[in-house]
Amino acid sequence: MIDVRVQTAPLDPAATIAALSAGRDDVGAVVTFTGFVRADDALIALTLEHYPAMTERALATIAVEADARWPLTGGSVVHRVGRMLPGEAIVTVAVASAHRAAAFNAAAFLMDWLKTQAPFWKAEERAGGTSWVAAKPIDDIAAARWHNA
Amino acid sequence: MIDVRVQTAPLDPAATIAALSAGRDDVGAVVTFTGFVRADDALIALTLEHYPAMTERALATIAVEADARWPLTGGSVVHRVGRMLPGEAIVTVAVASAHRAAAFNAAAFLMDWLKTQAPFWKAEERAGGTSWVAAKPIDDIAAARWHNA
Amino acid sequence: MIDLVYFAWVRERIGVDGEALPLPSGVATVADLLDWLATRSPAHAAALIDRAAIRVAVDQAFAGVDAAVADGAEVAIFPPVTGG
Amino acid sequence: MIDLVYFAWVRERIGVDGEALPLPSGVATVADLLDWLATRSPAHAAALIDRAAIRVAVDQAFAGVDAAVADGAEVAIFPPVTGG
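Going down the list, the protein sequences come from chains F, A, X and U.
The numbering used here numbers the first residue of the first sequence as 1 and each following residue consecutively.
The numbering used here numbers the first residue of the second sequence as 1 and each following residue consecutively.
The numbering used here numbers the first residue of the third sequence as 1 and each following residue consecutively.
The numbering used here numbers the first residue of the fourth sequence as 1 and each following residue consecutively.
Don't take each hint at face value.
[Stated by the list, open to error] Per label pair, the in silico range of CB-to-CB distance:
no.	chain 1	residue 1	chain 2	residue 2	range
1	F	T8	X	E19	17 to 27 Å
2	A	A39	F	R126	44 to 54 Å
3	U	W9	F	A98	48 to 58 Å
4	A	T8	U	P24	19 to 29 Å
5	X	A20	F	G128	30 to 40 Å
6	F	D41	X	D17	28 to 38 Å
7	X	V65	A	A9	29 to 39 Å
8	A	T8	F	A60	38 to 48 Å
Because the hints were derived from the structure by calculation, they are not lab data.
Glycine is no exception: its CB is placed at the ideal position from the N, C-alpha and C atoms.
Construct all of the structure, not just a fragment, from the sequences and the given hints.
As structure tokens, this is what we get:
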């Protein structure tokens, strides 16, 4: 079962990881991904907008998909929205399994999906103004590898 | 630069992750792997033996290799040795990069290498006695994928 | 009526978060809807001019240009997503 | 002399962590060394009987059976590794 959550509060990746292994003796591997705001080109802040009604449905769908593809003992996807500063975490994905291959693959799958199928949009704030981030073709290529897997 | 360490003290994956991103604004992605002792078949404890003189050399070599293959902003490999109980962490690998693909690949590479090339041996303690874990062919297959990558 | 909701630069260019509009006769698909919306104001036209950069969700699920749009639907219009 | 060090079940079967031995004439490679060691005692023979399950490091680097073994080397003998 993968828990999904969207929040404006700062993320706590350590707590997310601890929750997947605490008190368990059947978890052999936990893989986590945490994405952070980078200060590229003098970025001042990043604002994440989302489509709340769709986000909930979409996150729930992908969580079920990941559970169906790999034998997971637990997982968590927490995405932050609102305005955040360089160095702050945007998203944490954590996946637990008995073995490492399932955990690595499920974490990569969830991230590829978040990048291409979840209704979030990033706006970059710099001294010269605010601009929307363009989608990257490489993210679509990364996501496509799961279609036949 | 990837820090490598072998210790008998319990691991602290959260601290390892925090150290890679704290105070940084150039880190976009941190991927971590933590391996835990599973209580399979009523396992009581797992004891990790290693070859200290070789471990240091081997870990340093693979850290340089990972740095050469991917544009990493930092990394950490901490492997525990000695006797540990179900639910306790055996190893934590954490890798930071500007982008997620490098972080995911470097973390998987380091784990595949640790499983097949680092001089550690696991002994499983059960009510009936202690036995050495056999190497798994699947780990060699996983490691082989990096030879031509 | 259909509930239209806009995000990111689609929202900014149109100038509102969303709007509830009566569904005109003859608008049966997402493509029909985009064509009709683009005629409503210069702001709508500017927001929708590059169709390759427009994504649509009908009732919170991604929908192609041939997908049906029925009365009572919630239709979201936005650029390609950039989360994660 | 060569410094021999043993790990895991190789160590347990031979019964010692390691031993320093004079390198006999005629022992030039890892294969030669394993053949000679196996003649030293029934415990050595038992530990080394399945050569497919034996791995060797010379001076802390993995070495194949054809690798050279010179006087003063540290030679480690152990089963396939199982860390991580």
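Okay, the hints, checked on the actual structure:
Between T8(F) and E19(X), the C-beta spacing of about 26 Å keeps the proposed range 17 to 27 Å intact. A hinted range of 44 to 54 Å holds for the C-beta pair A39(A) and R126(F), which are about 52 Å apart. Take W9(U) and A98(F): their Cβ atoms lie about 25 Å apart, and the range 48 to 58 Å is violated. Range check, T8(A) to P24(U): Cβ separation about 38 Å, and the 19 to 29 Å hint is violated.
Between A20(X) and G128(F) the Cβ separation comes to about 36 Å, which falls inside the hinted range of 30 to 40 Å. In this structure the supplied range 28 to 38 Å holds for D41(F) paired with D17(X), their Cβ-Cβ distance being about 29 Å. Here the CB-CB span from V65(X) to A9(A) is close to 60 Å, at odds with the stated 29 to 39 Å. Between T8(A) and A60(F) the beta carbons are some 43 Å apart, a value that agrees with the proposed interval 38 to 48 Å.
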